[in-house]
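Novice: The task is simple: from the sequences and hints, build the whole structure.
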Amino acid sequence: MKFGKLLTAGALALSLVAGGAFAQDKAAKQKEVVTKTNDALQRFYKAQPDLKAKVAKAPGYALFTTYGVSFLIGGSGGTGVVHDNKSKKNTFMKLGSASVGAQIGAGENDILVIFANAKAMNDFITNGWSVAGGATAAAGAGGDKQVGGGQGSSATDVMQTFTLTKAGVQAGVAIGGVKAWKDDELN
2 MKFGKLLTAG
12 ALALSLVAGG
22 AFAQDKAAKQ
32 KEVVTKTNDA
42 LQRFYKAQPD
52 LKAKVAKAPG
62 YALFTTYGVS
72 FLIGGSGGTG
82 VVHDNKSKKN
92 TFMKLGSASV
102 GAQIGAGEND
112 ILVIFANAKA
122 MNDFITNGWS
132 VAGGATAAAG
142 AGGDKQVGGG
152 QGSSATDVMQ
162 TFTLTKAGVQ
172 AGVAIGGVKA
182 WKDDELN
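Note that the numbering used here has the sequence shown beginning at 2, numbered continuously upward.
These aren't lab readings, by the way, just hints derived from the structure by calculation.
Don't take every hint at face value.
Unchecked claim - In silico PhoX-like pairs for lysine-lysine, Cα to Cα no more than 20 Å straight-line:
#1 Lys58 to Lys47
#2 Lys183 to Lys30
#3 Lys120 to Lys183
#4 Lys89 to Lys37
#5 Lys89 to Lys53
#6 Lys37 to Lys53
#7 Lys90 to Lys183
#8 Lys89 to Lys30
#9 Lys30 to Lys95
#10 Lys183 to Lys27
#11 Lys90 to Lys120
#12 Lys89 to Lys58
#13 Lys183 to Lys37
#14 Lys180 to Lys95
#15 Lys90 to Lys32
#16 Lys90 to Lys37
#17 Lys32 to Lys183
#18 Lys58 to Lys120
#19 Lys27 to Lys37
#20 Lys37 to Lys95
#21 Lys87 to Lys58
#22 Lys120 to Lys32
#23 Lys53 to Lys87
#24 Lys27 to Lys90
#25 Lys32 to Lys89
Specialist: Written out as structure tokens, the structure reads:
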């Protein structure tokens, strides 16, 4: 009987320690994503200063850093946040893309999405985001950063998107898509 109580107490203590370690790991990962996205936001402001006013006036924005490669079949992925300017709350998100076509390259990009209204931002958080692609061409090397790159910026009535090519070269024609969703591990 004493052994059973000791085993139960040990299991309880172990779960408390593991839970605390998970919370610290989660907080560290959240901090890393926030730091990366804040750095990326500053790069956008430096490359295109008028974005600072657009971001400040918006109800919120999403920012992702992605890494990818392509050779006929391509894919990329990354992490980021949706930041609510009113509440100052961050929702952690993931982003992935896949494509197929006459394409080749590798790159690292930052993607900024500026929301026109709170509903668009909340829909993005709740339902994710999906878009299809067409022709791409982008280049960036070392300090050569370009807002838009070959993928450019786009706008709808609910959001504007901007791409900053940080490093790499990509070219080709491909059909693909991009999907964003909540990161359940970090929220």
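Novice: For every hint, state whether the structure bears it out.
Specialist: Hints, verified against the model:
no.	hint	verdict
1	Lys58 to Lys47	18 Å, holds
2	Lys183 to Lys30	15 Å, holds
3	Lys120 to Lys183	16 Å, holds
4	Lys89 to Lys37	17 Å, holds
5	Lys89 to Lys53	16 Å, holds
6	Lys37 to Lys53	17 Å, holds
7	Lys90 to Lys183	14 Å, holds
8	Lys89 to Lys30	18 Å, holds
9	Lys30 to Lys95	13 Å, holds
10	Lys183 to Lys27	15 Å, holds
11	Lys90 to Lys120	15 Å, holds
12	Lys89 to Lys58	14 Å, holds
13	Lys183 to Lys37	17 Å, holds
14	Lys180 to Lys95	8 Å, holds
15	Lys90 to Lys32	13 Å, holds
16	Lys90 to Lys37	16 Å, holds
17	Lys32 to Lys183	16 Å, holds
18	Lys58 to Lys120	15 Å, holds
19	Lys27 to Lys37	15 Å, holds
20	Lys37 to Lys95	14 Å, holds
21	Lys87 to Lys58	10 Å, holds
22	Lys120 to Lys32	26 Å, violated
23	Lys53 to Lys87	16 Å, holds
24	Lys27 to Lys90	16 Å, holds
25	Lys32 to Lys89	15 Å, holds
Figure legend: structure checked against the earlier numbered hints; the only hint not met is number 22.
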